[in-house]
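A.B. asks: Residue strings, one per chain:
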Amino acid sequence: MSRGAHRWLAALVAVLILGGIVVAIAYRPGSTLTIGVYSGSYWGTPTGDCYQVVDDAIARFESEHPGVQVEYVSGISTDSYSEWLAQQILKGTEPDVFFVLPEDFNLLVSSGALAQLDQRMDADSTFDPDAYYAPSLSSGVLEGRQYALPYESVPTMMFVNKTLLEAHDIQMPDNNWTWDDFYSICTQITDVDQHQFGVYGYTWLDALYSNGGTLFSQDGSSCLLTSQPVQSSIRFVQQLNDLNEGYQVTSRDFDLGNVAFRPFLFSEYRAYQPYPWRVKKYSSFEWECVCMPAGDQGGNVSELQTMLLGISSRSRNPDLAWEFAKLLSYDESIQRELYSYSHGISPLRAVAEDDEILSQLHKDIPGDGSGSFSREVIGGIMNHALTVPKFDGYDQALTMAQTAVAKVMNSGESAVSPLLEPQREINLFLSKN
Amino acid sequence: MTKEKHLHDLTLIMTVCNLAIIVFYCLIRTVTTYRICDSFGAYDFLSTVEATPQRPWLIPVQALSLYLLLFVLSYLKFRWKIRNPWVRLFLCVAELLLCIGVIASLNFYYSGVALLVLADLIYYIQHNRLRLLFMAILIVLFAFAQFEIISLPNHSVAFSSYLSYYTPFVRSVFTGIESVLVSGNILLFVLYMILLFTGEQEENDRIRKLNQQLNAANTQLKDYAVELERMTEIRERNRLAREIHDTLGHTLTGIIMGADAALALFSVAPEEAKKRVQIIAQSAREGLTDVRRSIKALRPDTLEQHSLGQALEKLVADFRLTTGVDILYEPLSQPLTFAPDEEDAIYRIIQESMTNAVRHGHASQIRLSLTWLNHVLTIHIQDNGLGCVQLEEGFGLRHMEERLRLLGGTLTYGNGSQKVGPGGSGFFVTAKIPVREKKEVCAND
Numbered sequence: 053m054s055r056g057a058h059r060w061l062a063a064l065v066a067v068l069i070l071g072g073i074v075v076a077i078a079y080r081p082g083s084t085l086t087i088g089v090y091s092g093s094y095w096g097t098p099t100g101d102c103y104q105v106v107d108d109a110i111a112r113f114e115s116e117h118p119g120v121q122v123e124y125v126s127g128i129s130t131d132s133y134s135e136w137l138a139q140q141i142l143k144g145t146e147p148d149v150f151f152v153l154p155e156d157f158n159l160l161v162s163s164g165a166l167a168q169l170d171q172r173m174d175a176d177s178t179f180d181p182d183a184y185y186a187p188s189l190s191s192g193v194l195e196g197r198q199y200a201l202p203y204e205s206v207p208t209m210m211f212v213n214k215t216l217l218e219a220h221d222i223q224m225p226d227n228n229w230t231w232d233d234f235y236s237i238c239t240q241i242t243d244v245d246q247h248q249f250g251v252y253g254y255t256w257l258d259a260l261y262s263n264g265g266t267l268f269s270q271d272g273s274s275c276l277l278t279s280q281p282v283q284s285s286i287r288f289v290q291q292l293n294d295l296n297e298g299y300q301v302t303s304r305d306f307d308l309g310n311v312a313f314r315p316f317l318f319s320e321y322r323a324y325q326p327y328p329w330r331v332k333k334y335s336s337f338e339w340e341c342v343c344m345p346a347g348d349q350g351g352n353v354s355e356l357q358t359m360l361l362g363i364s365s366r367s368r369n370p371d372l373a374w375e376f377a378k379l380l381s382y383d384e385s386i387q388r389e390l391y392s393y394s395h396g397i398s399p400l401r402a403v404a405e406d407d408e409i410l411s412q413l414h415k416d417i418p419g420d421g422s423g424s425f426s427r428e429v430i431g432g433i434m435n436h437a438l439t440v441p442k443f444d445g446y447d448q449a450l451t452m453a454q455t456a457v458a459k460v461m462n463s464g465e466s467a468v469s470p471l472l473e474p475q476r477e478i479n480l481f482l483s484k485n
Numbered sequence: 101m102t103k104e105k106h107l108h109d110l111t112l113i114m115t116v117c118n119l120a121i122i123v124f125y126c127l128i129r130t131v132t133t134y135r136i137c138d139s140f141g142a143y144d145f146l147s148t149v150e151a152t153p154q155r156p157w158l159i160p161v162q163a164l165s166l167y168l169l170l171f172v173l174s175y176l177k178f179r180w181k182i183r184n185p186w187v188r189l190f191l192c193v194a195e196l197l198l199c200i201g202v203i204a205s206l207n208f209y210y211s212g213v214a215l216l217v218l219a220d221l222i223y224y225i226q227h228n229r230l231r232l233l234f235m236a237i238l239i240v241l242f243a244f245a246q247f248e249i250i251s252l253p254n255h256s257v258a259f260s261s262y263l264s265y266y267t268p269f270v271r272s273v274f275t276g277i278e279s280v281l282v283s284g285n286i287l288l289f290v291l292y293m294i295l296l297f298t299g300e301q302e303e304n305d306r307i308r309k310l311n312q313q314l315n316a317a318n319t320q321l322k323d324y325a326v327e328l329e330r331m332t333e334i335r336e337r338n339r340l341a342r343e344i345h346d347t348l349g350h351t352l353t354g355i356i357m358g359a360d361a362a363l364a365l366f367s368v369a370p371e372e373a374k375k376r377v378q379i380i381a382q383s384a385r386e387g388l389t390d391v392r393r394s395i396k397a398l399r400p401d402t403l404e405q406h407s408l409g410q411a412l413e414k415l416v417a418d419f420r421l422t423t424g425v426d427i428l429y430e431p432l433s434q435p436l437t438f439a440p441d442e443e444d445a446i447y448r449i450i451q452e453s454m455t456n457a458v459r460h461g462h463a464s465q466i467r468l469s470l471t472w473l474n475h476v477l478t479i480h481i482q483d484n485g486l487g488c489v490q491l492e493e494g495f496g497l498r499h500m501e502e503r504l505r506l507l508g509g510t511l512t513y514g515n516g517s518q519k520v521g522p523g524g525s526g527f528f529v530t531a532k533i534p535v536r537e538k539k540e541v542c543a544n545d
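Protein chains in written order, with the numbering used here: chain L, 53 to 485; chain R, 101 to 545.
Chain L extracted, bound-state conformation:
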């Protein structure tokens, strides 16, 4: 080799070493952990200091892990949070740990942004999945694999216009009421001439979930649109709608106190029940909430919405990220703070069914509270709440089903035969997915 060749070789080696150093620096596990947090409440309820829980968790985490800094960008509203997160993923600058909105979960998993947690959960001896309510934990599952930890759960409840019920001499339903009770109250109250109606916003899906059915099979391979529970749910909602003699009830009707029932998130109840919010929300009537009415084949069950915590699949600090996500989701003292700064229910049994927490809930309710949220009720709601099995293409398949059912309900036809064709189409779509 000539002299020139030696120089070239040296240059090549130098470039390689330099490149190696750059890569090593770029990929070294850092001492800074970033988290993705939204401001305000996802549940659309007014909150005080939305960052308080996260700030407390950070303070504790930093004291437990000296030398580690936890950072987040503040001021991202819940409305723009999904877009912000997507931008970060696109730019490759997503946080190590981030909140996952329930509606974003499928997208984030299918785009590969979330790390799988099954191995970590198995490997961590201080972590017991049974400490969570099963429905809350399973809302972080897609196609049988855990991708996120539950942070806060909110079930759907039935709001009741107590004033309207009292005016008709009807007793407030309890947490074990059924479709029959529901239907008979609606029949008694509905008076189209008086502009009084039974229910607003109660969908066939709400009915389906409380009738022990699901729209899709557990593995997401087929749609059950023509199954018996779906059929009876559609029929039940049709019956309720028929009471209104073609009048379309609006949310304004409920706000004005002319509607007896309306499904709402539990968080609304928690947010607006304490004084002075309760007066501000609905000044014209007294209100209360109960579980959803049970169908013939089901229980007082509703869908559970759960705010989730995910870890970036590209995180450079996966161990620290797991520790932090675990602190937010699994630590009881942090979870307790949810009851002061947010309006959901903790996914941890030990927290949600804690005496102190329960009495805090009772304190908010005026009057005797009548034990509406005893340990049994909370436990019942949370244990039996329905988490819809998630799979790739879920959102689109759901939209297809809803469109088909809406068409059938509008036409007033009998439900089975017109749904066979859409079911076939949806199954075809699912098989391609």
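Quick caveat, the hints were computed from the structure, so don't treat them as lab data.
Some hints could be false.
[Claimed, not checked] Here are some of the chain R residues that sit facing chain L, going by a computed Cβ distance under 8 Å:
(1) THR133
(2) PHE140
(3) ALA142
(4) TYR143
(5) PHE145
(6) SER147
(7) ALA151
(8) THR152
(9) PRO153
(10) GLN154
(11) LEU158
(12) PRO160
(13) SER165
(14) VAL172
(15) LEU176
(16) VAL280
[Claimed, not checked] FRET-style restraints, in silico, Cβ to Cβ:
(17) R:VAL270 / L:GLY72: 49 to 55 Å
(18) L:SER83 / R:VAL270: 39 to 45 Å
(19) L:VAL67 / R:LEU112: 18 to 24 Å
(20) L:LEU61 / R:HIS227: 20 to 26 Å
(21) L:GLY72 / R:PRO185: 28 to 34 Å
(22) L:ASP107 / R:VAL172: 48 to 54 Å
(23) R:TYR134 / L:GLY72: 26 to 32 Å
Quick reminder that beta carbons are idealized off the backbone N, C-alpha and C, glycines included.
Once you have looked at the hints, place chain R on chain L.
C.D. replies: For chain R alone, kept in the frame of chain L given last:
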């Protein structure tokens, strides 16, 4: 030379073309990513692609740095002129790996780099089978990525997804640029191959022509050799004829004439006839001597009468008798037969060496040994004489050397004893003769 330059230029253009494609590809990805973010379309984009977009800086950094390394390697490969086939193979494998690295870092979207590397390696690899192997690997690599023969479990965002961000017009401009560059690269590759293989065809033709010429020359040379042998034969025959005519012819003529005369005289003068017959006998004897002399000019006469072994015995016995020197003679353990010229050489070397030992070294003892090993005959003559301070011409050594050279043998000589080392008294001569053909061991006749 011009062909090589053309090939080199083509490779350079291909290198630039590939660089342009990679830069174009990286630019579109990176710029579009930030444009999408700026226009708040990230969520929609993510839901259409359903794949993890790579960090925007990662692809440019990976692809361009690997491509740069590839370029440097292919450049150095030709500068370094390495002969060792293993090092060459190693360089080729390294280049192949870098090529795969570049393609993988581009998410297998663009694989034209494989053509560039293929062009480079086909030229570089001399070994035919190896060349085929690399060709197969690279073509498969190119084809699989280019035509998506199997869709790899690829979790990256497709390039088309980035293009779909733009308006149809801009999109068509971009795809236009892309296809011009990509097909340009393929075109360049085809051009390269055509140039390379037509060049090789010409080279083959030239070699074939040269071979034919060489064969013709060879045949001619053989003819010449035969002719030369024939001519030599004729010359030798003429010489012999002349010799016979000069000596035997002369003598025989005399004898015939004498005999005729004697016949005529027998009855007239028997005494005179008897004298004549005596003269005839005398001249016949002289003629015989002449014939002998002319043959003697060609061969030692003892060799003519005896086998080599016997001739040497006789030589030693005669020498011992005439000079009184003590000669220790170790003949060959097995009697061998040699070609006449070899026998001559052996005889003459021994004769000359012994004469030298006595004449110049005044030796009183001579040790003579013959050994036969691996088709080489070694003659060793050692004396206890004065040796020789300065070798002089006329010792016959040069003649010996010349004789031996004709037979392909060697001669060593010097003062002292070879076994004791130089410096001792005496003189030694060692001759080694590679015997042309192993003769059958035969009985001494």
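A.B. asks: Against each hint, give a clear statement of whether it holds in the structure.
C.D. replies: Evaluated hints:
1. THR133: Check passed: Cβ of THR133 of chain R comes within 5 Å of chain L, closer than 8 Å.
2. PHE140: holds (6 Å)
3. ALA142: holds (4 Å)
4. TYR143: holds (4 Å)
5. PHE145: It holds, given that the least Cβ distance between PHE145 of chain R and chain L is near 7 Å, below 8 Å.
6. SER147: Holds - the Cβ of SER147 of chain R comes within 8 Å of chain L, reaching about 5 Å at its closest.
7. ALA151: holds (6 Å)
8. THR152: holds (4 Å)
9. PRO153: This hint holds: PRO153 of chain R lies near chain L, its Cβ roughly 5 Å from the closest one there, short of 8 Å.
10. GLN154: For GLN154 of chain R, the interface hint holds, since the closest Cβ of chain L sits about 7 Å away, which is under 8 Å.
11. LEU158: Cβ of LEU158 of chain R sits 7 Å from chain L, so the hint holds.
12. PRO160: violated (12 Å)
13. SER165: holds (6 Å)
14. VAL172: holds (6 Å)
15. LEU176: Interface hint status for LEU176 of chain R: holds (5 Å vs cutoff 8 Å).
16. VAL280: This hint is violated: VAL280 of chain R lies away from chain L, its Cβ roughly 29 Å from the closest one there, beyond 8 Å.
17. R:VAL270 / L:GLY72: 49 to 55 Å: For GLY72 of chain L against VAL270 of chain R, whose Cβ atoms are near 39 Å apart, the range 49 to 55 Å is violated.
18. L:SER83 / R:VAL270: 39 to 45 Å: holds (43 Å)
19. L:VAL67 / R:LEU112: 18 to 24 Å: Given about 21 Å between the Cβ atoms, the range holds.
20. L:LEU61 / R:HIS227: 20 to 26 Å: holds (25 Å)
21. L:GLY72 / R:PRO185: 28 to 34 Å: holds (30 Å)
22. L:ASP107 / R:VAL172: 48 to 54 Å: Hint holds: Cβ distance 52 Å, inside 48 to 54 Å.
23. R:TYR134 / L:GLY72: 26 to 32 Å: holds (28 Å)
In this structure, the earlier hints numbered 12, 16 and 17 are contradicted, and the remaining ones agree with it.
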